[in-house]
Structure formats: C-alpha cells, structure tokens
Amino acid sequence: MNAALTIAATSIRRLLRDRSNIFFVFIFPMLLVLLIGLAFGGDGAARVGVAGQGSQVTDGLVAGLEGQELAVERYRDDDDLRDAVARGAVDAGVILREDGEGTAVEYLAGPDAAGGLLRTAVETAAGEIANRQRAATVVSSMTGLAPQDAQQLVAGVADVVPGVQVDVAQAGQTDLDGFERLGTFGYGAVGQLLLFVFLTSLTGAAALIQTRQLGVTRRMLAAPLRARAILGGQALGRFAVALLQAVYIVIGTALLFGVDWGDPLGTVAVVALFSLVSAAAGMLVGALVSNDAQAGGIGVLCGLAFAALGGSMLPLELFSPTMRDVAHLTPHAWAQDAFADLLRRGGTVGDILPELGVLAAMAVVLLAAGTWALHRSIVRP
Amino acid sequence: MRQLLLITAKDLRQGLRDRSVLMVGLVVPFTLATIFSFLFGGTVGGELDLDYLYHDADRGPLARVFVEEVLAGAAQRDGISVEAATDPATALQLVEHGDFDALFVVPEGFTAAVQQGRRTSIEVVANVDSSLGRQVAAAIAGGFAQELTGAQVTVAAVLTVEGEDAPPIDAIGAAFREAPGRFDVIDGAVAHDQLDETTYLAAGMAVFFLFFAVQFGVLSLLEERRNGTLARLYTSPFPRRTVLAAKTLTSFVLGLVSMTVLVIGTDLLLGADWGDPAGVAVLLVAGVASAVTVVLLVGTLARTAEQAGTWQSIVAIVLGMAGGVFFDVSRGSTILATISLVTPHRWFMRGLGELAGGGGPADVLPHAGGMLLFGAVMLLSTVLLSRVAGRRLP
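The listed protein sequences derive, respectively, from chains V and R.
The opening residue of the first sequence carries number 39 in the numbering used here; numbering runs sequentially from there.
The opening residue of the second sequence carries number 25 in the numbering used here; numbering runs sequentially from there.
Since the hints were made in silico from the structure, they are not lab data.
Please note that a few of the clues may not be correct.
If you want the footprint, here are the derived chain R segments under chain V, 3+ residues with CB under 8 Å [unchecked claim]:
| id | stretch |
| --- | --- |
| 1 | 100-112 |
| 2 | 130-144 |
| 3 | 178-187 |
| 4 | 264-274 |
| 5 | 314-325 |
| 6 | 386-395 |
Just so you have them, the derived chain R footprint on chain V, three or more residues with Cβ under 8 Å [said to hold, decoys possible]:
| id | stretch |
| --- | --- |
| 7 | 124-135 |
| 8 | 184-197 |
| 9 | 206-217 |
| 10 | 285-299 |
| 11 | 309-323 |
| 12 | 392-399 |
Computed from a prediction, not measured in an experiment: that's the story for all the values here.
Don't be surprised by glycine CBs; every beta carbon is placed ideally from N, CA and C.
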C-alpha cells in the first residue's frame, strides 16, 4: 500500500514541477470560465436599434418595443444602424421614415434566429401606433374634429376602453429550468470542470508513456513489488492528479466567481467519481498508445470531442433527441445531469444516485481495461 | 536557393509523414468542426416549423373571422400549420406534451363582449419549450386583437362626440377597417458581415489549430540541435541562414497546406461558405505568415523544443480565446472586444466576415494588413529580445 501511495505522490510532484502545467492546469480553466461568463452570462434581453426623426411616432414605437421587454438603442443615423445590425451589435434594427402620407417602417433583421422573432415584436408595436392614427382619421372625418383634437380624443378613449387582450399561458414541463440559479459563471464553471479534468487526464497520459519509454516501469517490476502495487500506484497517481484539478476548479470558481456548487456531499461524490473515470480513461490511453507525441494529439482530440458531445459546451437540453442519446455515451453527460440537479434545482446526493451509479460503472469498466492494457504493455515489451 | 529548396523539401516530407502534424493540422480541427456543426448547427435554424391548434367556443361572427381569415392566413405561410382541436382538454394535453406548439382558444361570448365593449381576450396556451411558437402565436392573435380594439376605440370616440347623431356602429367599424395608414413593415436589406454558424466554427477551428500546425518546421531546428543532426547540417557548404530559412519555409508551407485542405474540406463536407477564393487566399497567406512569426519568437527564446512547444501552445490558446475563436467576443464586454483587435485571429475572422458580406480581395487588404502588422511586431520582438537575451535560433 505504501508503495502505491509513493507512486501516486510522485505523479503529483511531477505534475507540479513541470511549470508549463501551471498554465494549462490552473490558469487556463479559470480564464475560460471568466470568458464564458462575460460572453454569455448577461441578461440576454434582445437589443433593437431604432433610427427615426425623434417625433411622436418614433417615441411611440420605442415605448411599444420597451413595453415588450426589449432593450432599445436609438440611433441618429440610418447608416450607423445598418452597420450595427450587420456587425451584430444589435439584434435587429428599425428605420422610420415619415413623409406627408404616412410612415414607412423598414425592418433590418440581424443574422440570428432572434431576427425573425423581433420582427413580430416590431409589427405589434407599429400596429399599435398605426391603429391610433387610423382611429383619429375616421373620428376626424366623421365628427369634423381637427386632426390634433381627434388624436387627443383617441388617446384618451384608448386609456379607458378595455379592449381585446391576448392572454398567453405556458403548459408542460421544461428541462431548461433553474438557469437563473447558476448566476453569471455557474454554467461555464460546470462545463470547464468536466472538460479540463478529463482533458488533463488524457493528455497526462503522455507522462505515463514517457515513464514506459524510459523503462522506469519495467525497473519497478524488478523491485520487490508486485505488479498489482505498481498498477495500483499508476491508477492512484492519475486519480490524484484528476482530483487535484477538480477540487482546484470547484474551490477556485467558488472563491473567484461566487459559484454556488450546491449540496457539498453531492458535489464531492460527482467530482470523485468523474475524476476516477477520467483517470481510468487516461490510463487506458497511456497503455494503448506508444508514441507520447501522438498521445498528446489523441488526448486533445478525445478530450475536446467528448466534452463537446457530452454537453460541456452547449446545454444538453438544446440537443436533438438523437444527439442526446449519443451524449449519454460520455461520462460528461451524466455528470452534467447530476450537476443540473444539484446546482439548478437544489437537489441533494439522494437525487443523483442514478447518475452516480452510471459513473461508477464506467469507472470500473475503464479501470479494468486500463489495468489489463498497462499490465500487458509492461510485461510484454 | 537550390539548397534552400532541398532542405525545405526534405523537411516537408518528414513533416507530412509525421503523424502528429497530420493530427494537429488536419484531423483534430476537422473532427472538432464536424462535431460542433452537428451540435450547434441544429439549434440555430432559420426555418419555421410550428404546429397550432385552435378551439372556437364562441362560434359568433368575430370568432369565425379569426378562424377563417386570420388563422387561415397564417397557415398559408411556410412552416406554419393550423388545425381545429377536437376538444379543449385533449388539445391542452397535446400542447403540454409538446406535440403542438400552441393552442388558440376563442372563449364563449367573445363576439358579444367585443360588440358591447366589455373586456375580453383570446387565449394562447403555448408549450413551455417553444418560445418561438409562443411568440408567433401571440403575434398572430395580437394583430387581430389590435384590429378589434382599434375599431372599439374609434366607435367609442365617435359616440362620445356625436352621441345620438352618430352613424351606426357597423359603419364606424367598416370605416376603421378601410382607413389607410397601416404601417407596412417592409424588410430592409442588410449586408451581413457575420458568418453563418458552420463557417464560423470551421474558420475558428482552422485558424486556432494553424498556430499549432506551424510549429513543426521551426521547432524541428531545436529538435535537431538536441539530436545532434544540426551540427552535421552545419558542416555542409552553405550558410547557416539557409537552414533557418528552410525551416521557416517548411512551417509556412505546412501551415498553408493544412489551412487550404481545411477550407476545401469544410466547404465540401460541412457546407461552410468561405467566400471569394481570392479573398480567402489573401487572408490565408497573411494568417499563416503571422503564425510563423510567433513560432520564430518562441523558438528563439525557448531553451528546448519541448519548452518551445509548450509556450507555443499557450500563446496559441490565449490569442485564440482573445481573438474570438471559441465564441464571439464582439458582443458582451467592450474591453474584450478591444483586446481582441490585437490578435491575428480576430482580423482573420473579421476578414472572412467581409467576404461573407460579398467582398473581394481588395476589401480584405486592411485585415491582411492587421495580421501582417502583428507579424512585424513579432519579428521586431524576436530581433530585439534575442539581442537582449543573448539567444538566437541556432
């Protein structure tokens, strides 16, 4: 047992001694969490730019849009607004041009899907203003009132008339709940935790290969140690490194970004099991690949690919049903589901037992495979 | 010159046979771009696919107008379908379950309430996950509700002034319907400087991994020094400069080849649209050149090939992140947007945006210039720092 612990401690020391790891293991993940929070953690209200002559009509349109909970930015110049829409600085633009006959409303759609949604909002706001004008026209012609007076009358009456409303309700259950509990940085923190622990474990396999290449492992066998202890030590070493990275990210994001990781027992359980799965995967890669440069490339590829497929870069809830099934081939998806319960819905460890079970099963399978492969590669050079 | 080409050719052959070059230069970026386009490509759709139900509990004339004119009109649009619900309870279940996006309900007594000026409403019940469905349904019902309200307001206003001498209500309503002054919202044209999702991801991955792919030529210099083959190379009868030039050329060619293959590959296989080929070529050359200058700087300052590789990776990652490769940095914080202008990645992506908006090679000269300026700064730093640190590429 002592021997296994020694090998494990050596692995950690090797990790910490390599200064390049300071960036990859410690600084880089925090940078990404920060960037993701800054880029996506905002309030998400759609922004509409309005360019008009600053008349009553323009003011009315702006009020109508703000009433629909859109953020409105006013532009003085038509071309500036076109530029802004093209660049994506606003999600859509509205150019109002008033001449003697009426008002022309030109709608500029931004490239996202938001562009389509916002068109209906603009139509609604514009419709409101148009209707007021039409009412005033009819009133004026039927009663002989001057246009200004007719408009005032209409405005007054509109406040009093209950009118026909549209009552909108929602039905059904959604999986996309609880995001507000994550705060600005919670979403990025979970994603990067899973991405980095797995990635570091896979690329750390290169160290394992170097150990083999240098013949260290075979020399260990010559010592009065059973192969079991050496393999156990390797596994423990990979696990220690993965766990170190995970704990660092959890505590770091909690301290630096105020991320609330929910039920401590639940988080510890997920972190421990996921680290175990990652370590086992790293061991397997280290045992199967013979060239340490290649291992780096494979490690990066698999690490990023699994993270993307497993929902660390885009919420699983937005995946198509097929892709969601594919996602659950990765440990990341199961860990994401567990964290969704813990962080977004305030769950406890009892709620995530199924996910923990799957992660444990994955760890057992990978450990067995990794141990067998490593043993074979040592004993048969 | 011939010696330069000889060494370059040999290094290129070696590089192309080295599986890690293929990995980092082609396999990894292409695989990631493919995966991302599967994931992200699906969520940002442009087309509508909305299915609605309606239940008319009123059966009065105004309800009929809603069903036969408004809803029927909406159903004529591509991607929207409207069906009558058999009964309200089943319909609600279907919406809850997600089989339909929303249900319109015209309540009993609707027509009477509208005609008598009492408050009434059209109900829209939408599935919680279909925000687009909800908004479009609300807009459809809202347009109709606005018309009715407008007529009510007109009637009330005329009655207020004229009292008993007012024309019949129907006449007032008809006058309102016929009154000109509807705001027709017309669609304006915007040149989109933004890449579509697939191209953005493909371009982002390509330019990101470019900075990894270019290291093999120059850093092989450090490898050869370690292996001892460099000393042997220097005993040959040509200047040492030629060796450095050859390694630099190798890096450049490898970078250019990998980028070109990625451009063509993602275009053919993923449907990425890179824009005018001549413009893309300009951006590629400038981009690869800027990447090579980074390797020259890193290679000069590092002591071993391994150290250089690590530093190169760090620089590539930091520049890539700041340059908006992983996600768009033009939104969000303005500090981020400003810092990103220092990176060649940002200029590369912005240049592609110009091409997406229909530009040609002349339009991307500023962007190429930005990347080359970055390269010039790198070269200058290399010369200065090598003097200061007393190190130079062997």
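Out of the numbered hints, which ones does the structure contradict? Numbers 1, 4, 5, 6, 10, 11, 12 - these are the hints that the structure violates, sorted from lowest upward.
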